[in-house]
Amino acid sequence: MIAKTMAELEDVLAEELITLGANDVEIGTRMVSFTGDKALMYKANVHCRTALRILKPIYNFKAENAGEVYDALKQLNWEDYLSLDKTFSIDAVVFSHIFNHSKFVAYKVKDAIADWFSERYEKRPSVSVTNPDIVFNIHIAHNKCTLSLDSSGESLHKRGYRIAQTEAPLNEVLAAGMILKSGWRGESTFVDPMCGSGTLLIEAAMIALGIPPGIHRQSFGFEKWSDFDEDLFSDIYNDDSGSRDFPYRIVGSDISPKAISAAEKNIRNAGLKKQIDLSVKPFQQYVEPPAPKGVLITNPPYGERIKVDELTELYAMIGERLKHVFTGYDAYVLSYRKECFDSIGLKHSKRFFLFNGALECEMRGYEIFSGKRDDRPKKEGYRHSRTAGEGNEFKPKGEFKSKREYDKPEKSFTPSRRPSGTESKTGRPLFERDDRPARHMPERRSSGTESRSGKRTYGDDKKPRSFNSSRGEKGRKS
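Heads up, the sequence shown is in the working numbering, so the first residue is 459 and it goes up one at a time.
What the hints contain is simulated information worked out from the structure, not anything from laboratory work.
Note that the structure is a prediction, hence the values are computed from the model and not measured.
All residues carry an ideal CB built from backbone N, CA and C; glycine is no exception.
Incorrect hints may have been included.
[What the hints assert, rightly or not] With beta-carbon atoms standing in for the labels, derived distance ranges:
{"hint": "1", "residue 1": "Gly479", "residue 2": "Lys682", "range": "23 to 33 Å"}
{"hint": "2", "residue 1": "Val738", "residue 2": "Phe704", "range": "48 to 58 Å"}
{"hint": "3", "residue 1": "Asn523", "residue 2": "Arg702", "range": "49 to 59 Å"}
{"hint": "4", "residue 1": "Met775", "residue 2": "Lys682", "range": "43 to 53 Å"}
{"hint": "5", "residue 1": "Lys731", "residue 2": "Glu771", "range": "28 to 38 Å"}
{"hint": "6", "residue 1": "Asp538", "residue 2": "Asp693", "range": "18 to 28 Å"}
{"hint": "7", "residue 1": "Asp689", "residue 2": "Val585", "range": "48 to 58 Å"}
{"hint": "8", "residue 1": "Leu534", "residue 2": "Met775", "range": "58 to 68 Å"}
{"hint": "9", "residue 1": "Ile516", "residue 2": "Ser613", "range": "47 to 57 Å"}
{"hint": "10", "residue 1": "Asp482", "residue 2": "Asn558", "range": "31 to 41 Å"}
{"hint": "11", "residue 1": "Phe519", "residue 2": "Asp693", "range": "11 to 21 Å"}
{"hint": "12", "residue 1": "Leu542", "residue 2": "Ala465", "range": "33 to 43 Å"}
[Said to hold, decoys possible] Within a straight-line C-alpha distance of at most 16 Å, the following computed EDC-like cross-link-like pairs (lysine to aspartate or glutamate) qualify:
{"hint": "13", "residue 1": "Lys682", "residue 2": "Asp591"}
{"hint": "14", "residue 1": "Lys796", "residue 2": "Glu771"}
{"hint": "15", "residue 1": "Lys496", "residue 2": "Asp693"}
{"hint": "16", "residue 1": "Lys544", "residue 2": "Asp591"}
{"hint": "17", "residue 1": "Lys496", "residue 2": "Glu688"}
{"hint": "18", "residue 1": "Lys514", "residue 2": "Glu681"}
{"hint": "19", "residue 1": "Lys716", "residue 2": "Glu625"}
{"hint": "20", "residue 1": "Lys796", "residue 2": "Glu768"}
{"hint": "21", "residue 1": "Lys602", "residue 2": "Glu526"}
Put together the whole structure using the sequences plus the hints.
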């Protein structure tokens, strides 16, 4: 199977999959390949915080042109995966000089499916652009083609708890990846003083409490497959073995009342109101920390809408508050402008390269302490993190890293569902990256969009959906 993720989060996703019991784990570019059974596929969809999609490859072939793609796919027995009464869509990802347009490849796959059914039944399944029953993924690298079933349906970053947002909200998968990269698993107070609509706060609370990221999703793609095992999925979905207590607090604030209002709605919808403290408060008004020690992770403004002078002033204030207020904290700041980090005025101890959308960013970590740096006890960071000056051992773009053995992490961050019946939970300079070339995002097109209609609201007094096959239905609660 293939787990898709964001660039630079492959190592974190590999750890998650290993913790779930995956075998033959190999890291690639924006993906991790692994082997496992149907239960693992279900678990990966429900539990992986840094996965975007879980794909199940069903057909590998080579093609030198679009005609060969069509001919190869006409040989497949499509009734094994699709029926006349189901709708479908095609998601195409192409890295090839042979095929210039991924959308054209998607059309050829659609034509092969339509013609296969038409020749046999004089009818064909319909394409759905909004809510397909089956999603096929075609991936082409040079002349190597892989057709997969998309077991996730909607992208897994769509957790289901976001009902309000501010401008440019942080992607949920990126937020979870930032937290997991920092090494925080709920051992202390968590603070985001520029929290926006609350994504980092919610992801932190779910990590600390062991709540699976997929617990609020309406559905997964595999639920419409012909071999869907509802009893097996019910057991996985309702498993509470990974839930844990969190004796600390999640603290968020923002200068914008509108942002705090959006965060309150999302937090309430996620069932986490009791774990998260919110306030309208500018960062510069912090005169004492919420707790003596903790972790601070934040995503300050850094877009093109803000003038450079305003940014440098903002980041200088951030550095001043970190140094004078948050002594004893480990602080992590995400940005993509070098001048922003220079304005902070602190020496970073960790450095992670991440992508926020198309922006090539850095998250820098700072150990905030009094006295000399040499007096500070050294800490072990995330096992696969890269600090400043490291990274040359990583493979360049386009190459897969060799298969390697992984040890179990010392502290597992395997999530689990809370028990059923409880509270539900352009042109800009890039960083110099240790002599590595800048990475570019792939062309990605789809014959249909990735949206689903209908959202369900969870409040603090409502439960996530619960599966019980004995009821004779899919366990949805309206």
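Checking each numbered hint in turn, tell me which of them this model violates, lowest number first.
Violated hints: 2, 7, 9 and 11; rest satisfied.
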